[in-house]
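**Student:** With chain X held as given, fit chain H onto it using these hints.
2 protein chains.
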Amino acid sequence: MNTKPSLHTVLSPRLLDLYDISNSIVVIIDVFRATSTIATALYNGAAKVLPVDSVPRCIELGKITGGITAGERDGKVVEGLQHGNSPTEYPRSFIEGQTLVLTTTNGTKLLHMALDRGAANIITGSFPNLSAVCDYLVNQEKNVILGCSAWKDCFNLEDTLFAGAVIERIGHHFSIHCDSSLMAKDLYAQHQQDLVGFLRKATHWHRLSAYGLEHDMEYCISIDVANVLPVYTNGSLIVQE
Amino acid sequence: MNTKPSLHTVLSPRLLDLYDISNSIVVIIDVFRATSTIATALYNGAAKVLPVDSVPRCIELGKITGGITAGERDGKVVEGLQHGNSPTEYPRSFIEGQTLVLTTTNGTKLLHMALDRGAANIITGSFPNLSAVCDYLVNQEKNVILGCSAWKDCFNLEDTLFAGAVIERIGHHFSIHCDSSLMAKDLYAQHQQDLVGFLRKATHWHRLSAYGLEHDMEYCISIDVANVLPVYTNGSLIVQE
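Residue numbers (my numbering), protein chains in the order written: chain X, 1472 to 1712; chain H, 1472 to 1712.
Be aware that one or more of the hints could be misleading.
Identical copies carry no separate label here, and so any pair may be met within one copy or between two of them.
[What the hints assert, rightly or not] With a straight-line Cα cutoff of 35 Å, these simulated DSBU-like cross-link-like pairs (lysine-lysine) come out:
#1 K1534 <-> K1475
#2 K1475 <-> K1547
#3 K1534 <-> K1613
#4 K1672 <-> K1534
#5 K1547 <-> K1672
#6 K1623 <-> K1475
#7 K1613 <-> K1623
Rather than coming from a laboratory, the hints here were simulated on the basis of the structure.
Here the structure is a predicted model, which is why all the values come from computation and not from measurement.
Looking at chain X on its own, in the form it has when it is part of the complex (with noise of 0.2 Å):
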């Protein structure tokens, strides 16, 4: 008898109400750069990250809770807040003991559609904290839906890549039947070794070097730089400790 919990990989937002999600763990993925951001402020000492789905709302919240506001829409800043959505703007000597409120275009979309359809947990995962979500979805023993944030809902490489990674290190404590999850181990086993030169050719990667930020993008794909685990509690990713 398989008593192993389930894994699937939802390759966009538009496909998670496919999936019943209400007993699963639900990781949001988004690589390019929410959830490494979210992962490195956290890491640099934030005391929370209010993850908001919309740029008057991140405003709102702002000046409720004194946090800085940060975004970005189609990848730049959004007038009227006050940070970006880049991993290097929050080093401990900024962020520690801060409250950041983040809206961005896919990531924080696809944390509250999560939210509303019922997800007994929400965690954030990008390369940055990779180890600190694989632990962590071992030892919770529960199913485990994948949710890549995606680029306005159209499948990307990079998130895609992320859920390989997580499950070429931990899928054998799964019970597996997704061909998306097969998928994506496959494209991560092919591509580990030089995940530079093969996210060269994303599309979102052309976006983003576009504005001049390789860098960050490389940051992103770096794993366990910023190795702790965001947690969603009572309306803010705050660390597990």
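**Tutor:** Just chain H, lined up with the frame of chain X:
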């Protein structure tokens, strides 16, 4: 200046509306088994195939046209229809000169979505007619959408592999800025030497092999064994001479 036409891969019907298909050729891909069966019936001399999106409509059109009604839901023959969705059911001795009225779980649904959204041209593709599809796409010099029928809107490996096979062969004729296409090409390049071995892991392989349909699936990934081009014209798929 880049004047090549564009090529995109759509991984699920649920994602079709993210693309402007009005100036594009849409290739409907349903490897297991609708588009393989369509190619085979036409290769074996069927006068035409009428793809319909519901069982009642299939029965109605069968009466009007005197055609053979056929179809499946969830991989099984539908009650009330004469035949199933297996290419082996349509040898020349049976199908020559006949009209086949066909309804399936995924492929015929996507075809009607592409029609409703105003595709410029619609053809069907599968490994049995890979070369005919590639030759047509190169000669037309139009934008291309490779439309994977998927399984109840969930990503599947076999349709993605066919998209990858097309891109591997003729991708250099197109301008490709599409992560789905990069992934599909990579997946095919990695597994083209052993498609059967790889697809044995796929969820649809498990589903259909439980009905004893392994032989069907091996046929469906055989290249150019029914090498005709089904083109959608006035409600029918007919062979483009």
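**Student:** Indicate, hint by hint, whether the structure satisfies it.
**Tutor:** Results of checking the hints against the structure:
In this assembly of identical chains, the alpha carbons of K1534 and K1475 never lie at most 35 Å apart, being 46 Å within a copy and 50 Å across copies at closest. In the homo-oligomer, the alpha carbons of K1475 and K1547 lie at most 35 Å apart only across protomers (29 Å), although the nearest pairing inside one protomer, at 42 Å, exceeds that limit. With identical chains, the CA atoms of K1534 and K1613 are never at most 35 Å apart, being 37 Å at best within one copy and 52 Å at best between copies. Neither within a single protomer nor between protomers do K1672 and K1534 lie at most 35 Å apart by alpha-carbon distance, with minima of 40 Å and 52 Å respectively.
In this assembly of identical chains, K1547 and K1672 lie within 35 Å of each other by CA distance solely inside one copy; the values are 21 Å within and 41 Å between copies. With identical chains, the CA atoms of K1623 and K1475 are at most 35 Å apart both within one copy (33 Å) and between copies (25 Å). Proximity of K1613 and K1623 under a CA criterion of 35 Å is satisfied in both settings, with 29 Å inside one chain copy and 25 Å between copies.
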